[in-house]
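Given two chains presented individually in distinct reference frames, assemble the corresponding complex, making use of the accompanying hints.
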Amino acid sequence: MSNTGSVSADSQVRSEQGPPLWLLAELTYRCPLQCPYCSNPLEFAEHKQELSTAQWIDVFSQARALGAAQLGFSGGEPLVRDDLAELIGAAREMGYYTNLITSGMGLNQSRIDKFLEAGLDHIQISFQSSDSEVNNMLAGSRKAFDQKLAMARAVKAAGYPMVLNFVTHRHNIDQIEKIIELCLALEADFVELATCQYYGWAHLNRAGLLPTKAQLDHAEAVTNRYRAQLAEQGHPCKLILVTPDYYEERPKGCMNGWGNIFLTITPDGTALPCHSARQLPVTFPSVSEYSLSHIWYDSFGFNRYRGDDWMQEPCRSCPEKHQDFGGCRCQAYMLTGDATQADPVCSKSPHHHQILSARAEAELPQPPIEELTFRNERTSRIICKV
Amino acid sequence: MSIPSLAAVPTLRPGYRMQWEPVQDCHVLLYPEGMVKLNGSAAEVLQRVDGRRSVNEIIAELQACFPSASGLDEDVMAFIGEAHEQHWIRFR
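Chains as they are written, first to last, in UniProt numbering: chain A, 1 to 386; chain B, 1 to 92.
Next up, chain B with everything else stripped away, as it sits in the complex (with noise of 0.2 Å):
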């Protein structure tokens, strides 16, 4: 898996979109035709993903709501990898 650098600035790709589905009771990203249920740790950086915020200001962001979390930055780092192998996100 690619890592993005940390300068890096994810958006979402077109016609990809999240939002809150009260009957799931979570985060979806919803897309042409799919549908991708999104776990709460996900949801948290995806709703940062906006196009503005780098990959570093998501993670310190993350790491000031969740203080006791380790080894969050990591798991930002890989989940967004992972999201952008998959192009639900691109970097710009």
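Only chain A is shown next, with the shape it has when bound in the complex (with noise of 0.2 Å):
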């Protein structure tokens, strides 16, 4: 597959195509959890290899001069990283607003204290349910819960702002008083209440994780019942309810864009436009080959699905093309093993009875917590070898 373009195409793209602004750095795929909804891909146990703490700052140097100004420590879980302060201190210094996303496992208050001096901006600890013992299922960790409590008041009582996520599903959909209440409770600055995304290990495991059209409904009544009762007080405390875009007619404009402003580097070195772009039938380039500025502006992968020449119908005479671009790539791949077709979330597409049959999967018993797929590396062996 080419990796470039020509001369002309590439120098309007250019023109047209801003900086990217967000850099995803997943510095690890080790992680001490389990979770069934991994965003990670399935098979990275055969992804061993990591950047080294120069390489990594390398990349953020790059990133900075193009224009990125957030940038996320994310995994796996980063807090393996023993360089992790060091990374922090050295984005931070060039003007990154620097965001750590953990589990808070292998979080401790000396660790807090130093990230704070290297000058993290933000930390945002994920929890699986407000009960522990779904929690530590979920997790697949016993200790996890208590940890992630600890944690919380620990880089509150830091004085960090602090946004609490918990990943939603059919299991702990229905405790969503129980989780907000948790996280009033915690002096979160911002809740995220983000229903799984069917990807990764979460499409692995959909059916035993897909809410009901019931049970989202009800979600919904509870966050706007206690939006309307912060908004009253005066509480600055954001809650921000992620559904699941299979409940849609209309797909999500997935990142705003592909290569329109996110930019995931893996812990590999491979750049991506999103997370999940990696199951995709296109080579996407690696920092130890090429400059960030070739990979974002005139490399094959990141100018695969800008703009719109690359769609069929229903998408490329839709009206709304502009704003959902189709919907997400990833999605379009995984149901229908074509990444240019429509994603079948859209209710135009001839692949939407796929989602309408999960819709109705959802309505049905499911198995229970224990018998779906667990994240971890001899499950990652097995699956690649399939």
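Since the hints were made in silico from the structure, they are not lab data.
One should not assume that every hint holds.
[Stated by the list, open to error] Dumping the calculated DSS-like pairs for lysine-lysine here, alpha-carbon to alpha-carbon at most 30 Å: (1) A:Lys-213 x A:Lys-252; (2) A:Lys-114 x A:Lys-143; (3) A:Lys-178 x A:Lys-156; (4) B:Lys-37 x A:Lys-156; (5) A:Lys-114 x A:Lys-156; (6) A:Lys-238 x A:Lys-114; (7) B:Lys-37 x A:Lys-238; (8) A:Lys-143 x A:Lys-178; (9) A:Lys-321 x B:Lys-37; (10) A:Lys-252 x A:Lys-238; (11) A:Lys-48 x A:Lys-114; (12) A:Lys-252 x B:Lys-37.
Keep in mind that this is a model prediction, so the values were computed, not measured.
And the structure:
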């Protein structure tokens, strides 16, 4: 597959294409938890290589020069990198707003203080449930819930703004009231109530995760009730409810457009327009071979689904094509085998019946949590071999 | 929208930071996982939000910098009210 286009096409894209504003640094695929909805690729165990400290700092510097202002440290669990404080310090010095996106596993007071000293701007802790038993079962760890609670308190006590992220699904979404109460008690500044997006391990486990329409409606009603209460009190906490696109009739404008503002760098240095794009049948460039400027503006991978020349019907003639960009390329590929198809979430898609049958499946009894496929190296290696 | 009192002293909410972004050619307000592009006048106001100056002092300074601007006090009050409502700033 070619990595270069014609010179005229490149310069045309460069003049129209704005800079990357967000850099997501997936520092590692290593993680002590085994969440069955992890967004890492199924074959993560095949990608063991990790960029060195110096390589990461060079990536940050190049992306900053291009215009990136927000930097997320993610993974895997970014805390397993011993050089995290050094990476934070270097990024903050360059002027990034630095976000640590963590499960809280591996965090302690000494590291919280070190990160603060290095200039870390914000910490996001993810929870699996408001209830320790469900949380621990989903995370595949018995100590997880207490550790997360302790760390959320320590993060606030250190003066950081804090985002709490609850991944919701059919097994915990009915606890939404308890989840919100817990977040308010922990003094979260932002609460993300994010229903699973069905990529990676969550796609594998979709039937066991997708909530019913009634469950979603309930969650939305409870969230709106709390939003009204918070607004009335002038309370600064913001509740962000992310609903699964499986219940929409039009697809999401995924990543605000392909290669438009987001740049993800995977542990081994592969550059992606979004964190699940690795599964697409497209060759993506590596930071060890190309400059970020070339990758962002000129590479085949980042230009592949920019604009609308790649679209087929019904997208091509659709008046909404510049609002939703035909939806998500990864979802189109996963569900139809062709990444240039309309996202099947769209009711105009000839494959929309797959979404309808997933909704119907959600109405049926599904296996309990214990029977989901948990994300771990052993399973990842088995999946790779199949 | 709430109208702030002239004596109120606004300060940026912890974790919020304003900075100049050369590539975007504008000031931005950065916060957890978010970024707002600021227009010129919003940036002029927010640059003076430092936890020391009162709303009144901010208006007086801007009036001195932009003597020909009419209705400046109302615009500043409206913006500070909006920024407070968005929880970008709080009053000390």
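Compare the structure with the hints numbered earlier in the document and write down the numbers of the violated ones, lowest to highest.
Checked against the structure, no hint fails, so every one of them is satisfied.
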